[in-house]
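Each chain, written out:
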Amino acid sequence: MPKDYGIGASSKRREDVRFLTGRGQYTDDLSIHGQAHAVMVRSNVAHGKIVSIDTSAAAAMPGVLAVFTGEDFKDVGGNPAGWLIKSRNGEPMREPKRPVLAHGKVRHVGDAYAAVIAETYEQAKAAAQQIADDAVIDELPAIIDMKAAAADASNRVHDEIPDNICFDWGWIEDNRAAVDAVFKSAPHITTLELVNNRLVPNAMEPRASIGEYFPGTGDYKLTTTSQNPHLTRLLVAAFVMGIPENKLTVVAPDVGGGFGSKIYHYGEEALVLAAAKKLGRAVRWTAERSESFLSDAHGRDHVTKIELACEKDGTFLAFRTETYANVGAYLSNFSTATPTFLHGTLMAGPYKVPHVYVNVKTIFTNTAPVDAYRGAGRPEATFSLERVIDKMCRELGLDQFEVRRKNFITPDMFPYTTPVGLAYDTGNYQATLAKAIEMADVAGFDKRAAASKAKGRLRGMGLSTWIEACGIAPSHLVGVLGSRVGLYDAATVRVNATGNISVMVGAHSHGQGHETVFPQIVAERLGVPESSVEIVHGDTSKIPFGMGSYGSRSLAVCGVAMNKAIDKIVAKGKKIAAHMLEASEGDITFEDGKFSVAGTDKAKTFGEIAFSAYVPHNYPLETLEPGLEETAFYDPANFTYPAGAYICEVELDPDTGKVDVVAFHCADDFGNIMNPMIVEGQVHGGVGQGIGQALLENTTYDENGQLLTGSFMDYAMPRASDVPFYNVDYSCQTPCTHNPLGVKGCGEAGAIGSPPAVVNAVIDALHRGGMTHVTHINMPVSPGRVWQAING
Amino acid sequence: MTKLSMTVNGKAVSGEVEGRTLLVQFLRETLHLTGTHVGCDTSQCGACTVHIDGKAVKSCSIFAADAAGANVTTIEGMANADGSLSVIQQAFQDCHGLQCGFCTPGMVMTSAALLADNPHPTEAEVRHGLEGNICRCTGYHNIVKAVLTASGQTVAAE
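Line by line, the protein sequences give chains H and D.
First residue of the first sequence? That's 1 in full-length UniProt numbering, and the numbers climb one at a time after it.
First residue of the second sequence? That's 1 in full-length UniProt numbering, and the numbers climb one at a time after it.
Because the hints were derived from the structure by calculation, they are not lab data.
Wrong hints could be hidden among the right ones.
Stated by the list, open to error - Short, incomplete list of chain D residues facing chain H, as computed with Cβ under 8 Å:
#1 L33
#2 T34
#3 A47
#4 I75
#5 D117
#6 P121
#7 R136
Cβ coordinates follow ideal geometry from the N, Cα and C atoms, glycine included.
Whole structure, please, built from the sequences with the hints as guidance.
Right under this line is the structure:
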């Protein structure tokens, strides 16, 4: 019988009811008395010198309340990058200031250089157009191609950075000579040049922010579409605006998806706060979808050459990569971590490869900033590895499953330190691969391929065995790697007098179901009904601290902080029970929601203890403080390492080049599972996005830096008819060894593991159809690209 | 400004709008029915889908004035009279057919209209019927499952 309660139960989501009845409260749904409307004025050229911005005509237009330009913010701080990366030569990365509004130059199409506040949105929009008409911006040549940008010192995104290179990073630089030596004498080398295509995250809710200022107290409030309101508060307070942190509340109410794009602090958040103070009124801004395309942080955009050195039997000897990573026009908050420590450290995969060297050159271009998008660096690593392994198997005529098995780290080898600096704590890659082979009925593939052939279609099967490092903390490690802040998390468990429980968590739920899952853990631990536990998230005035949700960290970091706070609640409850039952604290046991004196029938329920905690008559106050509320901070000792095996089957129409994913099988090891229904949903969503990247989505700038894919008419989002039902299994479980819940995280897995499985399946289909000249097709594997590959 | 009246979720409503006011703006800003969402500016995403005289319509694609006199149903009007979730809403919860919830109102409205037209759709018909609604969270698996479940069919593929 599946559990219907607590840890491991597929409890239905309580948040669903408000979303299904139209009672969600997303930022744009809120209406504040006296609110004014902000519209940003965005550059329509990719690169230009701001000669003048005449705002006088706009300021005189009906309803216009205020106009801002970069000049108004030139003296406030800049929005910083969170990770300091050093180049191979030891120099720190080049770190240009990212202003609230562009000043001096505009650096990408969509770069905001002015803003209008007006009584109505339509008035603000009309005045914004007036400013765009009146501004004089001298267009400069756009810097779009990364390799050309790095080679041309004469044209610069930032005048102070001569070669447009942010950093040239080697990981691990000390490995380089040994890796090069292996390649000199390797029996076989497979080389693959590939592009990890640029994506627009496109959470369905566009970004939105509302600024308020309360002159009576000098307090500010920012309501915003954020995945981590505390980080936004920290950035606005300490770096950008200089508002004292205790005077600024940041609220992220219901947030309609993030996928990374809402981790970061954006200039519009500072703008609405400054405007609210200036006008003494609430100021709101909501992005149009077109603005999301132009100004949200994009994802991926790597150009990589990967080489695999191996024995003739497929035993891996070394991987070597050289990557150009596009960082866009400015450094977004995580942008320097994504192509480096979230990418290079995963370049050993789940394999016992002895030598790995990764080189990443991160380049400024006149495009929107690029930062973490679901998976962030790990999809890029996985795609490079799994594609080059697939290519090697074809070159040497080796079985793709056998090659993986031969090279997997084996279960007896944990903890296992890779040549790229991680220590995997546990895993069983053989088990997930075996499970995937069983789920996919690999033995029956030839029969299915024959049936496809009879219909005039080519069938292919692709494999990807992926691993990731997530649960993003551990503070000491990320500190060594360059993070300017530790990434622990916090939770407060407040047991109210009547026994119900409020849990304030630093994690933020924007689709993950925390409001349901976190109470399952509390209920299980404290023996109370799930319905008596409520999660409070997304409000810095209510929550001690937190680093939000990204990097599959909610449960593995914040959930463990909550678990630690529960330990403290139980310990305090034992103290109270000992007093009430006149027993020694050491004799009190806690089980099934009851505090008992061991070996007797004397007991108090959890509710009795809670009530007593707040309205006691006779506590010995020197040793027993009233109240039942505990806070815990948690910093894990290591990353967590989910892993799995994905098998994709495609059918391909050789006449049109159209690829259909007809089956997708996922065998994942996420450690212990708190809510299977939600885990499955996370994998579905990740795989859906991965199929989108593999077959449909691409962000294209022309040579002038105009975004050609700036709407849902031009950017191919996956639709219901583009994907199949997914077959998901998580029964192979090696619980994480360093957190007490044994959880690893499942939010990014699907997006990490799936793209190479899809592309490998396409190449397999073509090879089975006799088109062995096709060794690679860049994503998205669109009908046009397949047709061209087939027809040369 | 144009005066208009229509029926929304069974209630007579009226208001004044500019000629350019879209139905979705009238619903959200004048009637404060914020369950109908705006996810794009090109009538592609479907988050603003409502029913006009029983047909699923993207409310960003019609002027409010053009809906004068119509019978409009929004997500706020979809629950049963006693406030409990309707069959399609309940199926979305039971099947975990929503995550962030932003596309959900439009998905529910489109699905309800789809089932009214075709009470026993195939999986392919459901997927085709949902093509005008974009979801970024679910990979569509559990949405398709919810629609099939609401139609009384059991879902074989898992």
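Okay, the hints, checked on the actual structure:
1. L33: Check passed: Cβ of L33 of chain D comes within 7 Å of chain H, closer than 8 Å.
2. T34: holds (4 Å)
3. A47: holds (6 Å)
4. I75: This interface hint holds because 4 Å falls under the 8 Å limit.
5. D117: violated (16 Å)
6. P121: At 12 Å from the nearest chain H Cβ, P121 of chain D fails the 8 Å test, so the hint is violated.
7. R136: holds (5 Å)
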